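Undergrad: Place chain A on chain Z using the hints.
Residue numbers (this note's numbering), protein chains in the order written: chain Z, 1 to 342; chain A, 1 to 928.
If you are wondering where the hints come from, they were derived from the structure by calculation, not from laboratory data. Possibly wrong hints are sitting among the right ones.
These stretches of chain Z come out as covered by chain A in the derived footprint (C-beta under 8 Å, 3 or more residues) [what the hints assert, rightly or not]:
| id | region |
| --- | --- |
| 1 | 26 to 32 |
| 2 | 114 to 120 |
| 3 | 254 to 266 |
A quick note: this is a predicted structure, and the numbers were derived from the prediction, not measured. Don't be surprised by glycine CBs; every beta carbon is placed ideally from N, CA and C.
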Amino acid sequence: MGTITQSKRQLAWVFDLNKCIGCQTCSVACKVLWTQEKGEEPMWWMTVNTKPGLGTPKAWEEMGGGYKDGKQTPGKLPTPEDFGGGWDYNYDEVLRGGKGRAVHLEKIAGHKNWGMNWDEDEGAGEFPNSYFFYLPRLCNHCTQPGCLEACPNDALFKTDEGLVLRDEDLCKGAQLCSAACPYKKIYFNPERNVSQQCIGCFPRIEQGVAPACVRQCPGRAAWIGFLDDETGAVSKFVNKWEVALPLHPEFETKPNVYYIPPLSPAPINEDGSLNESEQRIPPEYLESLFGPQVHGALDTIKVELEKKRRGDDSELMDALIMYHWNEALGHLNRDPANIVWD
Amino acid sequence: MVQQTEASGTSGAWADAYRDRWKWDKVTWGSHAVDCYPGGCPFRVYTRDGKIVREEQAGVLPLIDKSTPDMNPMGCQKGASWCTLHYSQDRVTTPLKRAGERGEGKWEEVSWDEALADICDAMLDAVEDQGAESIIVPFTPELGAAPARAAAGAIGAFTTDGNAEFQDFSPGYHITWGKFNPISSMDDWFLAELTLIWHANPVYTNIQWYHYLAESRYNGGEIVTIAPDYSASAIHADYHLPVRIGTDAALALSMCKVMIDVGIYNKQFVKEQTDLSLLVRKDTGRFLRGDDLAEGWRDDQFFWLDSKSDQIVPAPRGTLAMGDVDPTLEGSQMALLSDGSEVEVEPAFEFLKRRLEDYTPEKAAKICEIHPATIRKLAHKIATRKTKIFIGWNSGKYYHGDLMERSMALLLGLSGNWGKKGTGTRSWGISGSAGGGAAAKERPGPRAAWESRRQLLSMFRLLSADDPTMTHEIAVNRAASSPAGGRLGGLGRMGPPAFLWYKQFGYKERWDNKDWQDPTMKREFSEYMEEALEKGWWDSGAGNIWEDTEPRVLIEAGGNILRRQRGGQEMLLKHLWPKLKMIVSIDYRITTTGIYSDYILPAAQHYEKFGTSMPSIHHMNTVLIEPATPPLGNSKSDRQIGLAMLKKLEERAKARGMTEITGRDGQTVSLEGLWDRATLDGELEDDEAAFDDNIQDNAVFGVLPKGTTLETLRQKGAVRWTAWGVMGHGLAQASTIKPDEVHNPFRWHTEDKIPYPTLTRRAQYYIDHEWFLEAGEELPVHKETPPQGGNGEFILTSGHNRWSIHSMNMTNNIILNTHRGEPFMFMNNKDAAAKGLENGVEVRVFNDAGSMLISVKISPSVRPGQVIIYNGFEPYMHRGWNSQADIEPGIVKWLGMAGGYGHLQYRPLAWQPIPADRAVNVDVEKAT
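If we strip away everything but chain A, and leave its shape as in the complex, we get:
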């Protein structure tokens, strides 16, 4: 029965009670200074009676490019419940000292003074005993925690390079472009005509901007998801290609072959932008180099065969422009060497064509299990459309991920798919603080920032003095590769951790196990390791010191090494922990690592301090975080923890008569005035003053609009960048930021013909490093993933889950209630039936590396033979505390240790050996 009456009933007490739930007395800006990549979500934080009650996406980002949708309302379920973490039961608000055995979880509350004195004494003991590098500071990506590492950084502690520590590296992209991280802004993804979601699961992991993919589809673009399982990111695709696990290189190379055979590749682009036009000697497989042709000529001078004159001519090092030369991609020529002999040379393209003979669609289909017709069809689409590859950091975690990524980059290169809107690919890249920061300044204020900018620029000029063709980007990379490079930015001594792990964490036994390495590795792993160290390839990253430097102190700020480290707790607790005299967890919560620490120092939560969210190139904004409330209890902002530790270090050093520390790199730091230097004589002691100073520095460097201050951010919440500054990831973008356009990288290379930062100064598919030639990997090739962990029946894959940023948020009660609320592993329905497993039962997953317990979740979307554990669960969430990392051996591919070759040498957050954890062999049985 329907009646027409005046209806209103929201005047009662019940209605007011609901109204009151929504009220607040204070609004501040907030975001999350965590390793949520790309982050960048401006939130409003609502406080009532001194307690943060909720947050909501601010939705304030302006529309940039009229041809695309805006970025609002960036956020996700983690961000929308972050405030509940402030008051959750795993929050720690007063310094805790271990009162039982490590790992027991017994605590005594102590004062900051007592805790810091004890910790600093242990640090100084470590310096005297084993050197400053024996203080290990993992470079973990929680942005907000970085200032807590200030003290360790200031005295030259060893900071592990993040690219291996958290494995988010794209090695194949680095090999190709000399940089792994040219990235479009999010809105550029709308403009793609074809998006390949490949080695990524953005529906889980890029919640705040997945909409651009859905919207590009409504704009006429197509989405193709290439993944072994029917992932959540396949459901909104036009096509799902269920590639066999680990065979992506074969699929990509086959599409490359189709393009070349049909003649639909972009010849002009390939000649100009890539090394495939450079000549290679047929006798040695090495590039024809200047010193082959004439004594004294540069060994990094490369050559073309000019089709007009049929002459061998030098390819310019200072520009990609071809001038009057038309380099051929095909054919051969005899070259007269300086010793009078003649050798046959061919463009690298000819070598590539021969390599691709193994990848006809029919042959490749047998490897990757994608139908030949599908391979041909997709190759045609890629060749004829603006195409993007949406990749995550999944491929890089495969043993042969470098080969997969090189093959994917080849696909983009042959089709000319970078350097214009709607094309390209991605990795991680941050900017927005280029050259800024008190660390580089002598006093507060913009004038000092100008001086520091001038000094940096003249340093880069000096570095390129011997080579006028050197680009600014290459000069900056060269500076970072120098022995002092790792100390840039106050990071202590940053270096690749693989060598430390091998020598001190027990990994030697694992990596030397030939059964778990690739059968095409011609020599013993240990032989490659020792050769790399003997040749000094890793000296600038302290690779050479670990034979005789034993770790003594571990300072984990914002990270959770016992959750994160592949190879698992057994390696760490058995090999590393006994060597450590002091383990400190600096965090706002008690993690598994915290439980195994000697001290937990309570850090402020994210709405209790100043900061910015991840300054990612995907959004290109400086997004403000300001305190909504003071740090809870006795907790302190990470910066104040860092400063307090500096002060205490000075005090305790003085007490024992220690005045300076000299690192293994010969650099000396004075222990006097540590605090003064960090606070610029106290003028920037206050967090707000320091933050404002940093914002203003960024305006000086041109990263933020002229005159930007903290107050500007308070007005707007987020300010878009105006330039990249003079160093850092921003420069790798190689495109000028325009105020009303999407950002698409590589345009300085493709439009302005500025060289790439590789050995050949071109996108480089041919690597004539002796190890690569020996491995048959001078060009991309498909190789099967070796059986890491034994020959188990199932292949374990992984990836980030939907509900947490690593293990952060994982124990958030609200988030736990949105899934099964316990760790689980996905398994195919038929496999589960064959094993007699019912949905939800606990299983043991094991291999020769380890064993763990987890419940099983059954779905036909999982590929038969595959099991998936999305990572991030705290070990203490599993019965027995073993987690996925315990069954992932964390093998390093030997070629990652190659160095001494153009762009294959160490600089922080770039090329280095990284552990593999994908496609591990395991067995599964019902738990008892």
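If we strip away everything but chain Z, and leave its shape as in the complex, we get:
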């Protein structure tokens, strides 16, 4: 079993769920960069899902893993059907096959009835008080990574910057990591018999370039930085203002991806008038995702928003606005186009 080492510093991600628009640019940027080889077709190290929803792999929140009172709890190994996706299509048959309308573009590879974003924009509630929001997810690069401890081959390790990485030369495809990970963000590559997950864009980070999911986010909803860098936005959101919260803290893996919880529109009363005293996402649902601290975080956001609406200053709101895009990148603000490889 692997041994968790404490990193010198800890990189962390913050995603603002009030700015995330579910566009999947982060997912696609990651896919194009890292997982286009054979065996990687169904892999999406970065995903954005609609919540409430079953997400990817299907119903991952019910699969167990992580810790309870400091002890690892058993988890289910998600199946390829749970992930779905990895589709390829009969392009040639349709476009050049001479069969006309007798054929149409269809999936010819992968599991057809689920995918990385199958339940997009479905959400919950009843019209006109239906509700949903977007939840971007990647490996949480946990401080207490269950995957690492579960690995029988010592393949997983924490880097100096706090990333959880897998030495694929040591990985023997046992997949105990995947069963142990409560976020189910580990994929299996049957071609190479190794598991794979988000590598934290370490080749970019070592060049001073932010991960693709952060640098390519057009919604300007993502930040990266060291948790102990008090001048950085990430640290301020997490530690100073306490408005960025980990997902499912009860899994006890101490994840390092944090979320600004979502506000939502006023619900509509039975008679069609607006109910301005509430928001339409049930608070208990948000609590089930982000823990009881979510209420305080939302209160802080609302108070600061009100300041702006009165015409007063708010340092928090200005940070969330992100006047300069470079604020998202922290110390990882090098332009990759300027790198010249030997």
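TA: Frame of chain Z; chain A shown alone:
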């Protein structure tokens, strides 16, 4: 167990393998010359061993206005995976000739020479048989493909006007302002105190700059989303107003009524900037005009009632400034006409007040299903805050979209919400190439550009010689409205396609069907059609030629008419296809239209050629695209395809002794020297030289900073504009570009008091065109959407999806994997349960217009009774290939054909009839 140790494990072979995935040996600038509006995303393109491996947003746009956030890193998931399209299986890299029946998908690879000879022969046959206009070239919005249409344009082929072809027009805005497209730059949206997302879904469709809305909210602004369903663009709003489908005009008019009743409307703004202060005759409902009062006085002289003197005084035509006059909005007066009779006249505002009596919040609530208290509350907010309406091109696609937009514009006018930062609305507008381009020049280089600029300016001066009050903007519009206007810019003969569709595409049967038209249409549709043509309202756009001109050739460059055309494939394949002797698809991929073509000519992909992304006013940058690799296989840049076709046309014309072509407009083009003219005697044959020349021309016209060249763009990737040039959409902005400020349009009107390009030279809410009076639409009014397609149980709405630019990207394997990977239709959970439909099952959606198969996706965010199919799916993705367009009849509202009235006349990319496709009645059943 946690230990403190030195950790590093990224030295192994596995780690190097990942490092190698990120490496490259070449970096170039890229973007996407497609109809992604507003586009403008600067990307870096990374190439390794001659293959493009990925792209990433460049993030190089400088901060303009210190009070707003910057624009970086503009991009989206389509742009971030575009390179995979270069190598996808639907890419075509060698000319294909049909080897089976049209639509069968059997191909033979042929040489460019063979393909072009065959195509050019067919074009020349068409000219001899039916005239040059029988060569139909749809004006589709893929920017990069435009140069492939050069040959067709040069010989006077008929280019269908894009505003109807792709339906992205805002007719109600045009009716109001004489232009549909005054647009703020993106960063101005940050400054709004209230943003109404209305008839738009920017979370899907404006991914690269939605952040300004989210950030304006953090800046203290509020977001209100008005949509029938709880759309993705409602989730980040403060309020969602679930308006009943198609009743937006009632909601807007009710808010207008509240503002007037409470007295919180902007009286000064209304008097000065709008026609509501102009006098209208109570007997005829027509404006009081100069020729009513004195013989020989202009019929476009309008009048105020001066509250100081209680006299009727002429409203100046050359300025909006009111001088010593204080025009009243209320009251009435008797006017003595030139024939000695007296009539009562009132300001249009009085007519408006009477119209609005039908829209008290309580009455309107019954129509639009928004609570009266919500209507009052929002009206107060709009009246007291800097308000913007974030609109898309959804309203314009409603049958009565013109009325919705006129009502929304009224809301902005009454509250004084345009012409200052953080206010206004939007549509589409492009600039950044105003007056540039080799087409207008006689030789390369800046001196020739100066000459062409001088010629243009003197032409505009000449056009305004008879009316010294004419603004530059009005003079330019007048030039574009002239019979030669459609030929400006080498577009061939551009005209509104509605008349062609009616006479030749089979639409007569549909549009003449009274059951699918509005019951307030007093006469037969055909009667309006014939009257419009008899009066010559559409002659300058070749509206009058289609009775006896049969289409012979279709050249679709970068477009996909069998996906796009509302009314669907049945109309086209049944009525148009048999008439066509030659169908050509010029594209980098095989589309549904390609499968039904006789030839597919392979175009370069977007990282294989020079170009710019959509030069939209939202970002105001010229964004560079340069070749990262040569065109794959035997494909050619669109420009080289256009030039090769010109050369071949000359050759084949000469062979048959044809020397010139005279169009139905009487204009003659010589078939000799076509290629020489397009390349300026060969000096601009090379794409790079031509592109550089064009960039330098733009510097001459002042659009780009002095001295800007291709090299400047290579240094920066994107260069912000410095001015609008002398023609085009830029001028419609009517605001001066400042280097360190957001752009907000209309300021020449609101601050400098320069008149609007409308009949009354003011923002015009009252239209006294005889057809509008007959329809009761002289002022905005709510009318129900007629039951297009029959009386089905559900109302089908649509819109652009999140994952594609029309059908481009739709078959991108990576993008397909980010949703269901197949076409689907959203449906409310209770409706689905009532029909016994489970999530994901295939359903048949049908009405009297057609039928299609699609899978169902169930969500409580869909309004009960509504079904939504976001458009863009290739027909060949559906079983049986029928798609959404097959159940959207594509009805045209008769008033769109009104003309001969001030700003209601044809000029390219402006006022014209456009088809409706929203709120179509359909039935749904489980497929068998």
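Undergrad: Now tell me, hint by hint, if it's right for this structure.
TA: For each hint, the structure was consulted:
1. 26 to 32: Result for this restraint: holds, n = 5.
2. 114 to 120: holds (count 5)
3. 254 to 266: Our answer is that it holds, as 5 residues pass the Cβ test (under 8 Å) against chain A, meeting three.
In summary, this structure violates none of the numbered hints.
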